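Could you put the whole structure together from the sequences, leaning on the hints where they help?
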Amino acid sequence: MKTSRSTRKRTQATLNLVALMDIFTILVFFLMVNSGEMQLKLDIEQVNLAKSETETKLEENLSITLTTDDVYIADKKIMSIQQLKNDSNYTIQPIINHLKSLKPTVFTSTDQAPLPIIIYSDTSIHYSLLKKIFQTCAATPYRKIMLGVQDKSV
Amino acid sequence: MSIRRKNRQRNHEEADINITPFMNLMIALVPILLLNMTFVHLKGIELTIPELNQVISTSREEIKKEPLSIIVRDTTVEIRLPQDKLLTTINSSENDFTQELTDYLLKVKHTLTNENIIVESSQVLIEPNVTHQKIIYVVDAIKNPKLIDSNQNIFFNNLIFGDAPILSKVGL
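Heads up: the sequence lines are chains R and F, in that order.
Position 16, counted from 1, in the first sequence is what our numbering calls 4; the numbers after and before it change by one each time, with no gaps.
Position 74, counted from 1, in the second sequence is what our numbering calls 81; the numbers after and before it change by one each time, with no gaps.
Just so you know, these hints were derived from the structure itself, not from any lab.
Just so we're clear, the structure is a prediction, and the values are computed from it rather than from any experiment.
It cannot be assumed that every hint is accurate.
Calculated lysine to aspartate or glutamate pairs in the DMTMM-like style (CA-CA distance at most 20 Å, straight line) [what the hints assert, rightly or not]:
(1) R/K120 / F/D170
(2) R/K132 / R/E43
(3) F/K150 / R/E43
(4) R/K140 / F/D170
Next up, the structure:
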C-alpha cells in the first residue's frame, strides 16, 4: 500500500519547468532591450542606409526616402530617380507640391520656424542628387534636415 | 508520527508553486517582442541649411571666418588650409577612411592650437558623383567629439556643404 502511493506521487512531480522559466525570463529582457523605438516606413530591404558613428537619436518625423530607383515622401512614391536626375531645375517641383499638399498652412505663414525632416538615402546615391533634395528642402519650411543613417557598431 | 507529518507538509509546500500563468504570459510575450525586434538601429546626422534667400549672405560670413576645406573627390579626399594650401590627400577608394581622416584632423587641430588659431568651421566640397556613404564618412570624421579641446573650442565642427572645384582649375 505504502509503496504504490509514493510512486504515484513521484510520477506526478516529474515535469520541471524552472529551467524553461529561466530561459524565458532572460529572453524577455533581451528582447525588450532590442525592441526598436522606431522603424523605417519603407521596407528596409529597399534602402541600404549609410553606416555612421554618430550617437544622435533619430525622432520620428516626415521623411524623404531615396532608394536606388525611386523617391518617396513618407511612404508615397513621388518620382523615379531617373526623373530626379533629368530635372535640371534648382528645386524639384513635384517634391515641393507634395509637401505643400501635406501641410498647406506652414507654407503660407510668414515667420515659420524650421520644421524637421528626415532624409533616408541609399549608400549609392550621388551627391548631385542629394544636393537637389537639400536645395528643395531649403526652399520649403522643412529646413531642419536629419540624415537617417544606421549605427556602425551594430 | 510527528516526523512523518512534517515530511508530508514539506512535500506539499514544494509542489505548491504554480507557474502556469507565468508560463502563459511568457509564451505570449516572447513572440510579441520577437516581432518588435529591430536589426537596424537608426541614428541621425543633423544639418541646418539656411533659407534660400539667405544663402549668399551666410556663405560670405562663413568665408570671413576662414574655414578648413575638405574636398571630397571620387577616390581622394583633400584637406586644405584657408589660404588654399594643400595639407594632405587621403585615399578614399578603400572601404572606411573615417579613422584616417579623424587622425589627420586631430593632427591639424594640434598644430593650430599651438599657433593659437581656432578654425571653427569646415567647408566640405563634394564632387557630384561622390556617393552618400563617403559623405557620411567625412561628416563622421569632422563631428568627432575629440575635435573639441579642453577649453571648449570647437574645431571644424560647423559644416558647410558645397561643390568641389574642378580638378584642372586647382592645379594639382
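Which hint numbers does the structure go against, in order from smallest to largest?
As far as the earlier hints go, only 4 is violated by this structure.
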